[in-house]
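Build out the structure end to end from the sequences listed, making use of the hints.
These protein sequence lines map, in sequence, to chains P and Z. According to the numbering used here, the first sequence is numbered sequentially starting from 1. According to the numbering used here, the second sequence is numbered sequentially starting from 1001.
Since the hints were made in silico from the structure, they are not lab data. Small disclaimer: the values here were computed from a predicted structure and weren't measured. One or more hints might be untrue.
Stated by the list, open to error - Partial pick of chain Z residues on the chain P-facing surface, computed with a CB cut under 7 Å:
id, residue
1, L1070
2, F1155
3, Y1255
Unchecked claim - Short derived list, chain P residues pointing at chain Z, Cβ under 10 Å:
id, residue
4, S58
5, M198
6, R331
Said to hold, decoys possible - For lysine-lysine, the following DSBU-like pairs were computed, each having C-alpha atoms within a straight-line distance of at most 35 Å:
id, chain 1, residue 1, chain 2, residue 2
7, Z, K1076, P, K333
8, P, K193, P, K333
9, P, K65, P, K283
10, P, K193, Z, K1073
11, Z, K1198, Z, K1101
12, Z, K1098, Z, K1198
13, P, K193, Z, K1076
14, P, K333, Z, K1073
15, Z, K1283, Z, K1101
16, Z, K1076, Z, K1198
17, Z, K1198, Z, K1283
18, P, K265, P, K41
For each residue, glycine too, the CB sits at the ideal point set by N, CA and C.
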Amino acid sequence: MKSAFLLSLSAAALAASGALADEIRVLNWQGYGTDLDWSLKAFEEATGNTVVHEYFNSEQEMLTKLRTNPGAYDVVLVNAIYNPQATEEGLLAPVDTSALENYAGIPAEFAQSDLVTEGGEVYGVPWTWGVTSFAVNTQVFDPAPGTLEVLWDPAHAGRVSIRDDAVEAMQIGALATGQGINDIQDLDAVQAKLEALMPQVRTFWGSENDWNQFMAAGEFDVATYWSGSAARSAAMGLPVEFVVPKEGAIGWLDSLAIPATSEHKEAAAQFIDWMIDPEFYVKWDAEGAPASANAEAAAALDETAFNRRVLGDPEVAARVQFQTPVDDGTRQKYLEIWQALKAAQ
Amino acid sequence: MADLVTPAERRRLYTLLSPAYLWLMVAVFLPLSAMLFFSFLTDMPQDAPDWGVTLGNYAEFLSNPTYGTLMAKSLKLAVTVTLFCILIGYPCALVLAKSIKGRAREALFLMVILPFWSNSLVRIFSWAIVLRGNGVLERAINWVLPFDVRLNLMFTTDAVVIGLVHSYLPYVILTSYLALQAVDDDLIDAARSMGASKLTILRRILLPLSLPGLLAGAVLVFVPVVGSFMEPRILGGRMGTYYGTVIEDQFVAVYNWPLGAALSFILLAVVIVILAAASPVLKRAQT
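Here it is, written out as structure tokens:
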């Protein structure tokens, strides 16, 4: 009798733990924070949930995967400019933020941004943010320049690089001509500015790896770059300093979202909470991370850390213009201008 | 000739031909027809439920001057590379076929074929190491010469031509070599005995008789170089935008497969037109 009771008790316990221990599937860029081994191990110990990853190579691929594989993913990384589209298509589920202990640390300008909320519901939890601007070789520049005009400086002709990306190039051109990046009024001015930049350019870069190799080989004096990548390059020992110039910089925000078809929404929320935890972020930052959208996490960093020293500076943050969605027509227009500029070389 | 084939022979013919044609059907014809279909769509069906059929992708080529400019640029590149391949490859084939015999020929042949055995990406990156500033080439030259030489070849059109010539040279050498080897040595001896100079022998006997091989090699170089994208992208830097790189962009960066497919078929059409225009010359060479 007693043993039967114990048996049923242990069976119940087993069933309970079985219900709690989910396998959640995360869709993200490879090597972008969610798939760090030490963090996943600690997450599994803390919650019992295991995490499996799948990767995408572009935002378009991410959207296609969400559309064509319902139920396959529980957490997905969505760049905030794609949140409205994904929400509108019904791909994302609203997130119950009351279940997220660390959500309170996210400042209102991120948490209540139109990009990640819709009708009072939260469809994306702001996770990381960063800046697209430029970085310089510190062996050439001392101190680092404070203006974007350095890309056009004849002294560095043939030692400049920008990324081969139409939208990014046009937005850099907009900053250099004193325009808003999300609403470029004078396209001709931007085109003329970029045309003047072309003879300065050594080559275009495509990926972070490209950038590091060219910089290590001494091909570049100054090149456009991403803040998080610059932190990683510097951590690797490259003589690199990231600059947020007086003309401003392009800001982006990445959010973690739960697909509408997810079958493990509770465990997914636990994982998102884990990802915005200051304790996790401080460890991640040591390996080279973008800025955390959680103010408490940023405050927990060492004072010398780039993400606190530079991006944590309110004066710098004020210069950052955050990207809003680019519609297909505008994207096409930018692409035509950019391709014409490249073809004319 | 078809009438002469007996049923038994015909059966044998089918058995021998069907594997190749089945393979071509599955691996070339089907994907290519899918691409042709895509080139007439407004959107890819899996991305937009409201996709439709359009000629707009082809009209885009005409309405946007960028594509025409790039097509001309790519054709010019292909002509340059083909000329260099002939200038370097034909003399090499001549020497291999007519002057060198035995072991030495085998060894030289191996050196010609060797680039074929390595991955093309590896080849291009090795060129990048050689050509870049303070790279292997510059250091070697500065080591030999007393004064300082700055070549600065990397990320120029020259670098793209060098990389492409290296990749495609073996085609010209191999086809010319086969044609030259078929030329009867007795013809050359006869010409020489009648007092023909070396140049006359080359001009009147060797060149006309080996022209089919040389032209076949030239076509084999010209066609892929017009659509090349990897070498321009890696070696060309900011000069490296060509028709092929724009097609690649449509597929991997912008996700406009319909436009990419349409641009590819326009390229195919242009190449076919050029080859058709050249076909009288090609035919004359054959007879």
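Now for the hints, and whether the structure bears them out:
no., hint, verdict
1, L1070, "5 Å, holds"
2, F1155, "5 Å, holds"
3, Y1255, "5 Å, holds"
4, S58, "7 Å, holds"
5, M198, "6 Å, holds"
6, R331, "8 Å, holds"
7, Z:K1076 x P:K333, "28 Å, holds"
8, P:K193 x P:K333, "17 Å, holds"
9, P:K65 x P:K283, "30 Å, holds"
10, P:K193 x Z:K1073, "24 Å, holds"
11, Z:K1198 x Z:K1101, "19 Å, holds"
12, Z:K1098 x Z:K1198, "13 Å, holds"
13, P:K193 x Z:K1076, "29 Å, holds"
14, P:K333 x Z:K1073, "23 Å, holds"
15, Z:K1283 x Z:K1101, "32 Å, holds"
16, Z:K1076 x Z:K1198, "33 Å, holds"
17, Z:K1198 x Z:K1283, "27 Å, holds"
18, P:K265 x P:K41, "20 Å, holds"
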